[in-house]
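*Asks:* Take a look at the letters that make up each chain.
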Amino acid sequence: MQGWVTLALLLSLRVKRSLGQNGVGELPVPRGLTLSPDLPAQTLSLTWQSDSSLFDLEIFHTELMNVVLNETVAVKADPVTGLHSWTWHSPLPLECTSHSARIRARNQQSVSQWSPLQTIPGSDIPEKSESFMFPQDKVVPVGSNMTFCCIVKEKDDFKEMMYGRQEMSATRLSRRTYAITVTNQPASGNTGTNVICCSQRLTLTGAVVFVGYPPGDEGLVCETRDLASAECSWKKGRDTRLRMKRSRTKYTLNGRDCLEANERKTWWCGSKVWEESWTLVARNPLGTVQLTDSAQLTDRVHLLAPVNVTVVEVEAWSATLQWSWSVAAYKKLEMVCQLQLFAHELSSTRNYSGPGLSSVVLESLWPDVDYTVTLRCGSKHSFWKWGNESAPYRIHTKMDRPDALDVWIRMDSSNTGRVFWKPLSMRKSHGALVGYEVSQSSAEEDGRTPVSVPPGNFSYPIIPNNSSDITVAVAARNPAGLSQPSTVTTPAYRADSQLSVSKLLGTNGSFVLSWQPNLNASNGYAVEWVPTGCSGLCPVDWKKVPESDCSFTVNSDSLVAGVRYTVSVYSLSTGAPTLLQRWQGYSQEMIPSQSVSELSPSQTGSDVLLSWKATAMEHQRGFIRGYTVYLANAAHLDLIANISDPEVQSYRVKGLSPSSYKFVVKAYTSAGEDAGSTVDIKIEMDTADMLFVGILVPLGIMFCCLILISICCYKKREWVKKAFYPEIPGPKVPGDWSSPQGPLDVKPSPHSLVHIVENPERDFTKEGLFPVPEEEEESENDNIEVDTDSDEPALLRYYNQVVGDGSHSNQVSDSSGSSTASVGSTQTEITYAGIQSPTSSQGACRGGGYRPQMQSVAGPAEPQIEFEADFQDDALNTGYKPQCSWQLDSPEAENFTGSLGSPTSVTSSRFLIPESSEEKPQPSNTWFHNFLSGKS
Amino acid sequence: MEGAADSDTPVTERSAADRAAALARLLHRDCTRLLELYKERESFLSQHAPGGERLVTLALCPEALSTGEQVGHVRSALRRCMGLLECLIVREVEEMGEELEGEYESLRKTVRDRLGHLLHSTGALLEEGEGGCPPSPPLQCTEGQDEVEASGSFAAKIWTYRVLLELIHWTDSASQTLHLFHSEKHGQQQQLL
Chain P
6 MQGWVTLALL LSLRVKRSLG QNGVGELPVP RGLTLSPDLP AQTLSLTWQS
56 DSSLFDLEIF HTELMNVVLN ETVAVKADPV TGLHSWTWHS PLPLECTSHS
106 ARIRARNQQS VSQWSPLQTI PGSDIPEKSE SFMFPQDKVV PVGSNMTFCC
156 IVKEKDDFKE MMYGRQEMSA TRLSRRTYAI TVTNQPASGN TGTNVICCSQ
206 RLTLTGAVVF VGYPPGDEGL VCETRDLASA ECSWKKGRDT RLRMKRSRTK
256 YTLNGRDCLE ANERKTWWCG SKVWEESWTL VARNPLGTVQ LTDSAQLTDR
306 VHLLAPVNVT VVEVEAWSAT LQWSWSVAAY KKLEMVCQLQ LFAHELSSTR
356 NYSGPGLSSV VLESLWPDVD YTVTLRCGSK HSFWKWGNES APYRIHTKMD
406 RPDALDVWIR MDSSNTGRVF WKPLSMRKSH GALVGYEVSQ SSAEEDGRTP
456 VSVPPGNFSY PIIPNNSSDI TVAVAARNPA GLSQPSTVTT PAYRADSQLS
506 VSKLLGTNGS FVLSWQPNLN ASNGYAVEWV PTGCSGLCPV DWKKVPESDC
556 SFTVNSDSLV AGVRYTVSVY SLSTGAPTLL QRWQGYSQEM IPSQSVSELS
606 PSQTGSDVLL SWKATAMEHQ RGFIRGYTVY LANAAHLDLI ANISDPEVQS
656 YRVKGLSPSS YKFVVKAYTS AGEDAGSTVD IKIEMDTADM LFVGILVPLG
706 IMFCCLILIS ICCYKKREWV KKAFYPEIPG PKVPGDWSSP QGPLDVKPSP
756 HSLVHIVENP ERDFTKEGLF PVPEEEEESE NDNIEVDTDS DEPALLRYYN
806 QVVGDGSHSN QVSDSSGSST ASVGSTQTEI TYAGIQSPTS SQGACRGGGY
856 RPQMQSVAGP AEPQIEFEAD FQDDALNTGY KPQCSWQLDS PEAENFTGSL
906 GSPTSVTSSR FLIPESSEEK PQPSNTWFHN FLSGKS
Chain G
-3 MEGAADSDTP VTERSAADRA AALARLLHRD CTRLLELYKE RESFLSQHAP
47 GGERLVTLAL CPEALSTGEQ VGHVRSALRR CMGLLECLIV REVEEMGEEL
97 EGEYESLRKT VRDRLGHLLH STGALLEEGE GGCPPSPPLQ CTEGQDEVEA
147 SGSFAAKIWT YRVLLELIHW TDSASQTLHL FHSEKHGQQQ QLL
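Chains P and G are the protein sequences, given in the same order. Numbered by the numbering used here, the letters in the first sequence go through residues 6 to 941 in order. Numbered by the numbering used here, the letters in the second sequence go through residues -3 to 189 in order.
Everything labelled a hint here was simulated from the structure, so no lab data went into it. Heads up, some of the hints might be wrong.
Per label pair, the in silico range of CB-to-CB distance [to be verified]:
#1 Gly148/P / Ser39/G: 18 to 24 Å
#2 Arg25/G / Leu207/P: 25 to 31 Å
#3 Glu135/P / Glu32/G: 25 to 31 Å
#4 Arg25/G / Glu135/P: 33 to 39 Å
#5 Glu32/G / Asp161/P: 28 to 34 Å
Which chain P residues face chain G? A few, computed with CB under 10 Å, are given here [said to hold, decoys possible]:
#6 Gln141
#7 Thr196
#8 Val200
#9 Cys203
#10 Lys250
#11 Arg251
#12 Arg253
DSSO-like mimics (lysine-lysine), calculated; alpha carbons at most 27 Å apart, straight line [said to hold, decoys possible]:
#13 Lys250/P / Lys35/G
#14 Lys105/G / Lys35/G
#15 Lys250/P / Lys240/P
#16 Lys549/P / Lys508/P
#17 Lys241/P / Lys277/P
#18 Lys427/P / Lys548/P
#19 Lys35/G / Lys158/P
#20 Lys133/P / Lys158/P
#21 Lys35/G / Lys164/P
#22 Lys659/P / Lys687/P
#23 Lys250/P / Lys105/G
#24 Lys433/P / Lys549/P
Yeah, the Cβ is synthetic: ideal placement off N, Cα and C, and Gly gets one too.
Bound conformation, chain P alone:
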């Protein structure tokens, strides 16, 4: 028996070893493979039977046998059914095309045979010839990827697929199926995103996909409004973008459908019974959100608004407010109510508490004020939140008598004053004022009739009695009555000049005052400030300070920058106020608004004295600290003086040279300088200086020039002589006259001696003929230039001598004799600079030598003939005759000014040497010529 058992064991071990060594075929093939598709979920469940636990799976698109899955999975058998089950999620809708699957068992490296293929048919099988698009109406989250397939109609051809407006690239999966994959899908519009497929025959197939978000609701809070039921509310959160009814978010509260929210009108749910814990579930196709809340009912009381709010009693200072509740359960609830009173500048909030509160008395109201009241309440214990607010309710309080006025009196002079009072604020008037009543009394006369003052007036003039103080009483009146009168006694007038007024400097736009305490100030002190120099209706301001205070700050609100104030402190007692101290100052200094006036310059020699007057006080806008004096240049001001003493209002500018100056004088305060006043002045020289500069200097310059010219000409005298006064050839005469060295041995007739000289004063650049009296010749023959100075007289003399009266004929006739006689004269000298041309010399020789023309202008023709005859005789005698053939005063002379001095023919009026001659005659008989030529 034991042997059979051993044999059996050995055989079984051998069989197992042989199976293991064999590999393929030895593992049993899985059996009963079945495919169960879940089309909406796009999943395919595979179930099979096998003893193995490791399997190879393959899934194909059947038609083209494209492998879409090849995976080895470990799947254990279900202990109950003994079946292996595995689920595959397909990225492609399973309807798109047929899918086939097979499976084999695996044990490490050994595998079984594949199971037979199992196939689930798609919608592209020939039996379904219509066109399709998958998936339909899918709801997916934003950003997801998705594959759509289009099955074209049988015998039709695919054309295109579009996702929304975008054409997509399609992939062919089978004979009729095409697919597109869309990645990162954006949120859809209201009606979803359309995916369409178009065939060549324009057959339109499509699907709609809804891309959105899962619910985003949050913040569930439950509370009670009626102390019994519950209202739970929450925040909607992000829009899911899913508008279609089937994909909207559905809400349940503690498992019950929330009708209010599911109708999409509100985000709250109600429950008739309070539950201590609440769970809200928000669900849409893309996800679920669960919100919870838990609380006791008393901790979540949210009261409704009070109703029927009304006022049952209104007084000037109080009112009684009443209301009711719409929920009866509130009457026992310990609650706190808040009243909000709204009024102009009088708003306030007041809290009241009590069980089932339904009325309150409003105290501390102000008379004649319109109040608007709103009311809200909450549970006092475990306060949760304020309930709803009631509708606004209006209350108008009654009027009351005004408060007493704040009065002050100011004396403008010893016999005039004015009582001032401050307007009452709304809080103090207690009703619209209708006016004021002012009455005054003195020790002598008491109880004068009060004077009514309109409500717009805040002062009243007072004429004090010199003999006694006057007490003024002022009261305000409104429809409710008259206020308590405020009294003030006229103080003694004290002018500024009678006091030592201190200078007051502002601090940050305010005046900080302090004074010594006064024992008489039983009623405190009064600080008064008023613009300095103001009288009559001045903007007087004051403040009454308690007795204990000896300091006060006048705020900048009541002060104007740049205005000088007079600040006075009075002690107040039962009698008249007594002035204690007085200041003047600026809360804030500014630069003067006007420049210094009457700026005037005064010259003293080279100094200028500038003087001016200070600006008027209202324009100073600060304490004048001094003046600056500038010299204005073209583009800038040069500071020449800074006068730090404001009393000094003049300045002397010294040592100015003659010129024009512009001075600018500016006054300055601590804030700076004003714009400045400008004055111009022109500095002129003294008379002595002007004489020196105007006369002596030009004379000196002229003298120096003359000396320089003289020296220069002397140094270059040879050149000057050659250039301007060349040597004049001597007249050529036959016979013994030809000798230029010797003097003529003819003694001229005393009346025919002629000098031919140039007359420069006639502006003649030619020679002139001047008769020289015999008696003068003898005395002046050594200084010929003296004759050049004579003009007309010489001509006249010559004329008288040559042309003369009838006695001259004898003289002329004697001239030949005289010429002959003149041969022996040693004093005869002919200076004739214009005759140089050889031609003319020859001409003169042709006529038997030079013969000056002697033609009488004014004389009768008869003498002229005589003269010609005489000259002919003279020509034979070759004697010299002075030429005088033109009249200087005749118009013709002007035409021949260029030829004046030239010799002329005795028979013609034309000049013998015309101006066109290349060699012009040069003047040779001037003193300068002699000087240059070295003649004495």
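Dock chain G against chain P, hints included.
*Replies:* For chain G alone, coordinates are given in the frame of chain P:
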């Protein structure tokens, strides 16, 4: 009404047929505009017109030869269109809710109201002695809708498009028929006078 100003005849003197024709013309324009708005919302329709059979087809009565009988025939089609339009509105409100209040939704309601007026006007004409085809039974929204519902939202959109096309077609047809009817009536009255 815009159509009331289309004729030079004073309103008080206009015949019922004339007013009905003017209303049909106005309704035709409204339906055309409604389809434009729908195309703007569903962009794919601007490029791809869906095919398919007509939704409203009526077999002509063998004796329906007169103009009055044609009016009755058109009225039957309009009643069918009215039924389709009401189904369309119910369906869209069901799907989208009543929150959407754009121009499309507003005009859709206007078309329904005016179509009701036109049916009433043409019904009054026929009651004056102009017979016609027997009235077609009222359309139930569930008829044929299951198939549409099963096909999904896209099929519903296509169906909506086709309903709007039917509305355009039959309001145009009603406008022409009523105008012809009015002309004949007017001619007869002139002859009698």
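*Asks:* Can you list which hints this structure breaks, lowest number first?
*Replies:* Of the numbered hints given earlier, the structure breaks none, since each of them holds.
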